[in-house]
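A.B. asks: Fit chain to chain and form the complex, with the hints in mind.
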Amino acid sequence: MDNSLTPEKQNSIIEDALHTYPVASMPRNITSAVMARIKIIPAPRPFRLTWNDLVLAIVISICIGVMWFSIYNLPPLVVAQIRKESILLYQHLLVNMRWLIPVLSFSLAAFLSALTIPYLRRELLK
Amino acid sequence: MENEPAFIQRAQKGDHDAFAALVDEHQRYIYNLALRVLKDENEALDLTQETFVRAWTALPNFRGQSQFRTWLYRIITNLCYNRLPNLRRSLTDLGDDVIAEIPETDLTFDNPAHGFESYELRSYLHNVIENLDENYRLLISLRYQKELSYEEIANMLNLPLGTVKTGLFRAKEQLRRALERYQEVSWTIP
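So the protein sequences, as listed, match chains G and L. Per our numbering, the first sequence runs over residues 31 to 156. Per our numbering, the second sequence runs over residues 107 to 296.
Okay, chain L solo, but in the shape it has when bound (with noise of 0.2 Å):
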């Protein structure tokens, strides 16, 4: 969004325009997390009106240390936590014993087209990923979809930078797993 900066200081003077075009820009992408972690479209939506409504309040607060998206993220994540009360437990179990010094993945990540062999696998990971842990989930959408380095997430989930590396790490391990099942059934049908 140009000039987003602005837009935030006219709606913390209680500017209801500007306030607006922040929620048009922002709402798909708080949606989509919410739905991710929730997996109910209806709740994704509730959530993401209470996200909104709680940053109008919280507005004044907003100091700009942290981008205005990433700070509705914390919202959300908020919210979620206390729609289920077990994901909060879920992340801070994944512990960060398993391997404190992961590389982090490279963003910019360019899979050449001829790398990916079919369509169908890329759909049946992404079913993968759909049906992994809420807690594997709302890492993912954080760092995969809106591209937060392992820093940022673990600062807006308060939670210690290994774990946020061991969550996904344990991620991709089951979609490891998933992948080397799906090939042994590709192959074993002729």
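Looking at chain G on its own, in the form it has when it is part of the complex (with noise of 0.2 Å):
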């Protein structure tokens, strides 16, 4: 006699272990120790844009659009001036750079000695 399922009868089985397969149950309660958890984190704040923020972003917009208009609407004359005097600038600057990098350096290397003063300071007063 054959005594196997028939694939239709498998199905049901099967979808019924799958229906019954049980959900586990909480060893103990995490509710106190998620508590415990957030209370050191600050409450979360929801993202809001305020007026004040609409203000500053117009009047970024304002000088942006202002600064584009200015440099595009300058009369010849200012414009070969100001290029003038930016190539002057650069020139000084390139004339003066042997004095600027050791400068740079120098300063550079006491701010960071400036930097250990108060700790070799509490060393030396222990």
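Derived from the structure by calculation, the hints contain no laboratory data. Quick caveat, the model's predicted, so the values are computed rather than measured. You may find that some hints are simply not true.
Taking beta-carbon pairs under 7 Å as the criterion, some of the chain G residues facing chain L (in silico) [said to hold, decoys possible]:
| no. | residue |
| --- | --- |
| 1 | 40 |
| 2 | 44 |
| 3 | 48 |
| 4 | 49 |
| 5 | 53 |
| 6 | 54 |
| 7 | 60 |
| 8 | 63 |
| 9 | 65 |
| 10 | 66 |
| 11 | 67 |
| 12 | 68 |
| 13 | 70 |
| 14 | 91 |
| 15 | 92 |
For lysine-lysine, the following BS3-like pairs were computed, each having C-alpha atoms within a straight-line distance of at most 30 Å [claimed, not checked]:
| no. | chain 1 | residue 1 | chain 2 | residue 2 |
| --- | --- | --- | --- | --- |
| 16 | G | 39 | L | 252 |
| 17 | L | 278 | G | 39 |
| 18 | L | 145 | L | 278 |
| 19 | G | 69 | L | 119 |
| 20 | L | 252 | L | 278 |
| 21 | L | 252 | L | 145 |
| 22 | L | 119 | L | 252 |
Not close to chain G: a few residues of chain L, all C-beta gaps over 12 Å, as computed [said to hold, decoys possible]:
| no. | residue |
| --- | --- |
| 23 | 184 |
| 24 | 187 |
| 25 | 261 |
Even glycine gets a Cβ: it sits at the ideal position worked out from N, Cα and C.
C.D. replies: Have a look at this one:
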């Protein structure tokens, strides 16, 4: 005698097993542990756009627009003057570069040394 | 949970009591999913806690496009991916080439008691489910315990719909083979 189950019967048994697969119960409630952890996290702040943000955005946009308009509408004589001044400034910078680099390097070294003073002072006073 | 959206709104404004109520309501299901995937009680508890902590920090970004619980499932699944680096690969490796047109099974399945001869057989199959690979356990848990549709699972896991269907189909095939083995053994033993 063939005792094998029909595919429909097999499906039925498998579906039953899947549908009755139990949801595990919690070994302990974790609410208090979670709340203890989130109490040290600042409350979430929803993103909000304020009127201040809007006014600031408008002012910045106007400034950029004015600059753009000015640059493209300056008289040719003024543009030439600006170009001349910028070239002179660049040349001036190149001429003084040999002093600028050592000055910057020594300034940075002095600044970093100064940062160590509080630590050294603490160590000395121990 | 009655009036869950109101609780979520209050929690989004920083109300701890409202969030505690949400944790109370959902922790069992989140824990269950982690346990089914990880098979370790302590790790599952750790990840459940971590899920709610992350949910709290990300709560302002929750816009309610999906259910709150589904959103939590997404967080816990990502944490499981971190804990089991092979899980994501094993899911994508399922492919979607086996059967693309598997019909979605009815979740309102109502199996009559007389159709299931033995309680032992059901327990045996539950045991087989527990010993399936983690990717199958995850899919089964989402489908049958969380009652998510194939589309919801695919969206949540960021997988093609065919992969979800194929994964569940293969899981059932493994159960079918286990069932056949069970029958062979039970009929050979007098």
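A.B. asks: Has the given pair, residue 119 (chain L) with residue 252 (chain L), been kept, meaning a C-alpha gap of at most 30 Å?
C.D. replies: Roughly 28 Å between the alpha carbons, so the hint for residue 119 (chain L) and residue 252 (chain L) holds.
A.B. asks: Tell me if the interface restraint on residue 48 (chain G) is satisfied: Cβ within less than 7 Å of some Cβ in chain L.
C.D. replies: holds, 5 Å
A.B. asks: Determine whether the non-interface label on residue 184 (chain L) survives the test: each CB of chain G must be over 12 Å from its CB.
C.D. replies: For residue 184 (chain L), whose nearest Cβ neighbour in chain G is about 18 Å away, the distance exceeds 12 Å, so it holds.
A.B. asks: Against chain L, is residue 68 (chain G) within 7 Å by beta-carbon distance?
C.D. replies: With a minimum Cβ separation of about 5 Å from chain L (threshold 7 Å), the hint on residue 68 (chain G) holds.
A.B. asks: With a cut-off of 7 Å, does the beta carbon of residue 44 (chain G) approach a beta carbon of chain L closely enough for the hint to hold?
C.D. replies: This hint holds: residue 44 (chain G) lies near chain L, its Cβ roughly 5 Å from the closest one there, short of 7 Å.
A.B. asks: Tell me if residue 60 (chain G) is really an interface residue toward chain L, meaning its C-beta lies closer than 7 Å to one of theirs.
C.D. replies: OK, holds: residue 60 (chain G) within 7 Å of chain L, min 5 Å.
A.B. asks: For the restraint on residue 70 (chain G), tell me whether the closest CB of chain L is nearer than 7 Å.
C.D. replies: violated, 10 Å
A.B. asks: Hinted pair, alpha-carbon criterion (30 Å max): residue 278 (chain L), residue 39 (chain G). Please report holds or violated.
C.D. replies: It holds: about 14 Å lies between the C-alpha atoms, which stays within 30 Å.
A.B. asks: Given residue 65 (chain G) was flagged as interface, is its beta-carbon under 7 Å from a beta-carbon of chain L?
C.D. replies: Holds. Min distance 5 Å.
A.B. asks: Less than 7 Å between beta-carbons is the criterion; does residue 91 (chain G) satisfy it with respect to chain L?
C.D. replies: Cβ of residue 91 (chain G) sits 28 Å from chain L, so the hint is violated.
A.B. asks: Once the closest CB in chain G is found, is it more than 12 Å from residue 261 (chain L)?
C.D. replies: holds, 21 Å
A.B. asks: Holds or violated: residue 67 (chain G) as interface residue toward chain L, Cβ cutoff 7 Å?
C.D. replies: holds, 5 Å
Of the numbered hints given earlier, the model fails hints 10, 13, 14 and 15; all others are met.
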